[in-house]
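Here UniProt numbering is used: position 63 in the sequence shown is 63, and no number is missing along the way.
Hints are computed from structural coordinates only; laboratory data are not their basis.
Treat the hints with care, as some may be off.
To be verified - Pairs of lysine-lysine residues, derived as BS3-like cross-links and limited to a Cα-Cα distance of at most 30 Å, are as follows:
hint : residue 1 : residue 2
1    : Lys573    : Lys507
2    : Lys507    : Lys517
3    : Lys66     : Lys372
Stated by the list, open to error - Simulated DEER-style distance windows between Cβ atoms:
hint : residue 1 : residue 2 : range
4    : Gly475    : Ile181    : 50 to 58 Å
5    : Asp121    : Gly475    : 21 to 29 Å
6    : Pro254    : Ala364    : 12 to 20 Å
7    : Ala439    : Pro254    : 32 to 40 Å
8    : Val84     : Ala306    : 36 to 44 Å
9    : Ser529    : Gly506    : 41 to 49 Å
10   : Ala306    : Ile181    : 28 to 36 Å
11   : Gly211    : Ile181    : 30 to 38 Å
Note that the coordinates shown come from a computational prediction; the quantities given were computed from them, not determined experimentally.
No residue lacks a Cβ here, since even glycine has one placed at the ideal position from N, Cα and C.
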Amino acid sequence: MTDIQTLRDIVVRTGAIPDGVQVVCERLRGRERLGQPYRFEVTFCCRRHTVAAGEIVGKPISVALKTPHGDRQFNGIVSRFDVVDPGGINGLPREWTRYRVQVRPQLWRLAHSMRCRFFHDKTVLQIAGMLLQDVNWRNECADSYPPMAHCAQYRESDLDFLNRLLQREGIYYYFEHQNGIDTMVLVDGKRPHPFVRGDVSIPFDALRSRGPAPGAIYRWTFSDGMAPAQSRTDTFDFRHVAAGEDGQLIETVPGNNGVKASTIDDYAMRYADVGDLVELDDSAYSKSVQHRQRLALVHLQQREAAAAVGRGRASARAIAPGCRFRLVRHPDSKQNGEYLITGARYSVRAGRGGDDASARGSTAAVFDCRFKVIRASQTFRPKPSAPVPRAGLQTATVVSAGGAPYMADKHGRIKLKFHWEVFNPPGADAGQRAWVRVAHPWSGRQRSAIFLPRAGDEVLVAFLDGDPDHPVVIGSLHNNLNTPPFELPTHGAISAIRTASVANGGKQRNELRFNDKDLQLLFYTDGRSDSYVRQSRFTRVEDSEHLFVGKEQRVQAHDQHLTVLGNQHGTIKGNVWCKAGSNLVQQAGQTVHIKGGVSVLIEADVGVSLKSGSSVVTLTPAGVEIFGTAVQINCPGGNGAAQAPPGPPGEPHEPEEADQGSDFL
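With the hints as extra help, turn the sequences into a complete structure.
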């Protein structure tokens, strides 16, 4: 860079300013906090060189501030670029131009990508790694985190999504600035933070009339406030509803010096997330308990960290969030000790130097910062600040693996494809999606009205507590491919339950139809119908009943009683076989007419008797006996035949054929 820069305490470097160009960094202001992207504002001037926005926006920039222990860097990328003063304005020589840039970390690029997508069976750190592929970062977390069965990024930027997940788990980050780049460091409070660069002890030196002493803290206040006594997480897991329990899972952790009887009680379905498991076995349940206990502790530590906070103002150039220091020489010795810096606001005003009107005077920069701390012994947890998306009712399409007509687990859960989703990785198939519960008209122990949606069905989806991570199917809908089974509105008076076969392309069906126009109930099946009644069945038909059997009919009963109040007609177009194991009795109030077209044979092994009044004819193997008041043989003028038999019965009516509907034409 130019000689002017080498004479100054604060130096700016960027690829948009080539070597040999005179550049002066005038001012740096900014804010940096744990768990948040920092923002710096840098003002600089260039001599006889014009910087174009396309050359600097989105490009790296580095500002170096001299300290007693070497340069302290403020690195990042330019997120905004302003031309403040062209030459000849506000006292600036004509050959100089003043610029102002806003500097953000590489992480800031994630703020400009908004997505709707799912991550399946991934931990929070695995998801973070996928989001931070183009960012310099390092993982310093000590805890282990369970996989989440169904984690949705829904209508939010990558940055908001990342912050939301990290804050929910109690993970935060700070930035290291070295070698011209910024490095994001993920931490969870389990490991000690590094000390500030150089001398780890920073003295307290009260503000004097001539200004703050260099390298010191000149204002200091520490406040201790109230915090809850305990934290509790409540949730429900349908996989852990044992006999006599309601599935509620509660974990409680005690606090330190909290307000007596004060409790943080939070309920959320996500507290049961321990992976995409069908069964919650002992190992998974133990992980679930640990997960809920850790989250309860995170909630408590968030409030404890906010209850005991120190604030100060310093000229010490080593103050940086994410670092520890020792406060020394405070008049109140109880204030001396180790602290973790959680946030800082910087103001660096460059001194002037060089031989130009824009760079005259002292070369020493004035550094001042306001900062916040907590005791180093206290665990820091970020306060949730990222917006939490809420989802209303949506529709989705049922999917299955390998082209199967349906796919479900033992709980009746199915898998879905939302219309807006982008999977990560993009090539994820149905088998990599999370199981989703399905609501039915009613569900109970061994009692239910269950209709599982099938592949290709469009279903209505609700989200428990509006959380996109917890969908549940609550209904089904028709569309232009999945049309209603009847032509509408022509058949609007028809209600039905219709299913389709899983084979033969779904061309066969079972159907129960209610026709409220003709007051007709129709049951139709292309397959077989079975009915089992353990006790009694009573059927009453007020008008007529017609039974049509295409092939054979078989009836088996222990005893059969048949009462016909009128006439009984029967037509058998083939043969009739009637066999009685013991006696066969037929009785008529008037006439019994037996007629054979060719012959009538009455046969018995012991005897056959014909009786009318006192007259009897008996046939036995020994002979024929005839008894009567008068016996006439071959005598003309007999009584003749009985009256003619009744006519043949009417044919039964076949049931009305069910139309196939629009899906079956």
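Against the structure, the hints:
| no. | hint | verdict |
| --- | --- | --- |
| 1 | Lys573 x Lys507 | 36 Å, violated |
| 2 | Lys507 x Lys517 | 27 Å, holds |
| 3 | Lys66 x Lys372 | 23 Å, holds |
| 4 | Gly475 x Ile181: 50 to 58 Å | 52 Å, holds |
| 5 | Asp121 x Gly475: 21 to 29 Å | 27 Å, holds |
| 6 | Pro254 x Ala364: 12 to 20 Å | 52 Å, violated |
| 7 | Ala439 x Pro254: 32 to 40 Å | 39 Å, holds |
| 8 | Val84 x Ala306: 36 to 44 Å | 38 Å, holds |
| 9 | Ser529 x Gly506: 41 to 49 Å | 19 Å, violated |
| 10 | Ala306 x Ile181: 28 to 36 Å | 32 Å, holds |
| 11 | Gly211 x Ile181: 30 to 38 Å | 34 Å, holds |
Of the hints listed earlier, those the structure fails to meet are numbers 1, 6, 9, in rising order.
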